[in-house]
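Whole structure, please, built from the sequences with the hints as guidance.
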Amino acid sequence: MPTILQGDWFELAADADLALFTGNSTITKYGRLVMGRGLARQVRDRLHGVDWAIAQAIGRRSVYGVAIAGEPFRVGRAAVGAFQVKRFWGDAADPALIAHSVSCLNELLSRQPAGYRVILNYPGIGNGRLAVEQVAPLLEALDDRVTVCYL
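Residue numbers (the numbering used here): 1405 to 1555.
Only true hints are included.
With beta-carbon atoms standing in for the labels, derived distance ranges: (1) Arg1464 to Gly1411: 33 to 43 angstroms; (2) Pro1541 to Tyr1434: 31 to 41 angstroms; (3) Tyr1434 to Thr1407: 31 to 41 angstroms; (4) Ile1472 to Arg1441: 19 to 29 angstroms; (5) Glu1544 to Tyr1434: 37 to 47 angstroms.
Just so you know, the hints here were simulated from the structure itself, not pulled from any lab data. Note that beta-carbon positions come from the ideal geometry of N, C-alpha and C, so glycine has one too.
Written as structure tokens, this is what we have:
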């Protein structure tokens, strides 16, 4: 089960190994992931080109679960990636897709050392338009190396 706490994603990410923001799988005609709201927009504005790098990691898949941008995109020492909560950027978050992304993240963590740490903003709420009560049960399955944060 993850740790859930209030805090700034960017500050918490500085001490993590992987920093995930919630995202979609909408790719623009210019080959960039749509990152126009919330934390995704803040990440895009701070890390120029990350929208292109994550779109490359996603490829043509409409369901990817977790996609990592790779070098040089980092916050502190943390690699940066997307945790999928919806397909089309304007839709509400999809609980089944969140559950799939939880499974993908756990699979990724199964291949990492014990001290590996992940920060994730609270998925599906805010621009995802889901209630915390809808999402909280899905997060219980997350590995305990994950910290889920909210402001």
